[in-house]
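Undergrad: In case you want the letters, here they are:
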Amino acid sequence: MTARRLAYASFFAALGDETRLSLIAKLCGGQPRSISQLREGSKLTRQAITKHLRVLERAEILHSVRTGRESRFEFNPQAIEGIKEYLDFVSEEWDRALSRLKSFVER
Amino acid sequence: MDHRIEKRVELQAPVSRVWRALTDHREFGEWFRVKLDGPFVAGQISRGQITYPGYEHIKWQAIVQKMEPERLFSFTWHHSFDPNADITKEPTTLVEFSLEQTKGGTLLTLTESGFENLPDNLRLEAFRRNDGGWTEQMKNIGSYVAQKP
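As given, the protein sequences belong to chains U and S, one line each in that order.
Under my numbering, the first residue of the first sequence carries the number 1, and numbering increases by one thereafter.
Under my numbering, the first residue of the second sequence carries the number 1001, and numbering increases by one thereafter.
Hints were generated in silico from the structure; no laboratory data involved.
Mixed in with the good hints, there may be bad ones.
[Claimed, not checked] No more than 27 Å apart at the CA atoms, straight line, and that leaves these computed lysine-lysine pairs for DSSO-like:
| no. | chain 1 | residue 1 | chain 2 | residue 2 |
| --- | --- | --- | --- | --- |
| 1 | S | Lys1103 | U | Lys102 |
| 2 | S | Lys1089 | S | Lys1035 |
| 3 | S | Lys1035 | S | Lys1103 |
| 4 | U | Lys102 | S | Lys1089 |
| 5 | U | Lys43 | S | Lys1007 |
| 6 | U | Lys102 | S | Lys1066 |
| 7 | S | Lys1059 | S | Lys1103 |
| 8 | S | Lys1007 | S | Lys1059 |
| 9 | U | Lys51 | S | Lys1059 |
[As the list claims (entries may be wrong)] From the derived model, a few chain U residues whose C-beta atoms are all more than 10 Å from chain S:
| no. | residue |
| --- | --- |
| 10 | Ile35 |
| 11 | Gly68 |
| 12 | Ser71 |
| 13 | Leu87 |
| 14 | Ser103 |
Where is the CB? At the ideal position from N, CA and C, for every residue including glycine.
With the rest of the complex left out, here is chain U (with noise of 0.2 Å):
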């Protein structure tokens, strides 16, 4: 698996989770928010928000910004930028369905 293939497999791996897309909904909007601020309306800890939005920030779904003692999350809009690198993955699946061609016409 390519690197690329592997950024895309873990962006979706990301978003596979009701309180993750939750979070990316509220901050689609472009406006960073702290973790308080993303916890409103929503029963779950200060740590498991914190856990959540770590799995979003390695995907780079999301980007952290500290201000002052405080770190505020933003969408990163690159993110979904795609076109490109999901012309690469539709890509990478013709080279794998080609190569099954391949070998069912060869064998």
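Fit chain S to the known structure of chain U by using the hints.
TA: This is chain S only, laid out in the frame that chain U set:
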């Protein structure tokens, strides 16, 4: 930006053999990993179920464009992450398989074009269309890639 994929592959099999592997719906299904409901017919929608491990919940939908025997097979398909997407309403890309006889067998050229038709922020689009089904799908993809790094 060139929103297009092009692949060339030399196959050590006669053109007629490759043509059959591409256009016989059962043979296509075997290597592509999809269970198709019926034969490919130019101008008609082809439906089926993906059998690729981890993607089994995804429906196959394509509109067969051209079937020029032993020369060109093409179809359009969509790229939506929504399991309930309707191909007649979605933006599509064009997939073309063209065949040329060579000394050793067949030169197959695959092109997929029209990616500019897809929303620029394809992944955001996928996110926007999120419903329960999509989240479920992402979980499946997530566990699939975790198993097969």
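Undergrad: Give a verdict on every hint.
TA: Evaluation of the provided hints:
Straight-line distance between C-alpha atoms of lysine 1103 of chain S and lysine 102 of chain U comes to about 17 Å, which keeps the hinted pair within the 27 Å bound. Simply put, lysine 1089 of chain S and lysine 1035 of chain S have alpha-carbon atoms about 23 Å apart, close enough for the 27 Å limit, and the pair holds. A hinted pair counts as satisfied when its Cα atoms are at most 27 Å apart, and lysine 1035 of chain S with lysine 1103 of chain S does not qualify at roughly 33 Å. A C-alpha spacing of about 33 Å is found between lysine 102 of chain U and lysine 1089 of chain S, which places the hinted pair above 27 Å, so the restraint is violated.
Between lysine 43 of chain U and lysine 1007 of chain S, the direct Cα distance comes to roughly 51 Å. Violation of the 27 Å bound is thereby established for this hinted pair. With a C-alpha separation of about 22 Å, the suggested pair lysine 102 of chain U and lysine 1066 of chain S falls inside the 27 Å cut-off, and the hint holds. Taking the CA atoms of lysine 1059 of chain S and lysine 1103 of chain S, the gap is about 38 Å. The hint is violated against a cut of 27 Å. Only pairs whose Cα atoms come within 27 Å are accepted, and lysine 1007 of chain S paired with lysine 1059 of chain S is accepted, the gap being roughly 25 Å.
For the hint pairing lysine 51 of chain U with lysine 1059 of chain S, the CA-to-CA distance comes to about 34 Å; that exceeds 27 Å, so the pair is violated. Separation of isoleucine 35 of chain U from chain S is adequate, the least Cβ-Cβ distance of about 22 Å exceeding the 10 Å criterion. Listed as outside the interface, glycine 68 of chain U is consistent with that label: its C-beta sits roughly 31 Å from the nearest C-beta of chain S, beyond the 10 Å cut-off. No Cβ of chain S comes within 10 Å of the Cβ of serine 71 of chain U; the nearest lies about 23 Å off, and the non-interface call holds.
Listed as outside the interface, leucine 87 of chain U is inconsistent with that label: its C-beta sits roughly 6 Å from the nearest C-beta of chain S, within the 10 Å cut-off. Remark: the non-interface label on serine 103 of chain U conflicts with the geometry, its nearest Cβ contact in chain S lying 8 Å away (cut-off 10 Å).
The structure shown violates the earlier hints numbered 3, 4, 5, 7, 9, 13 and 14.
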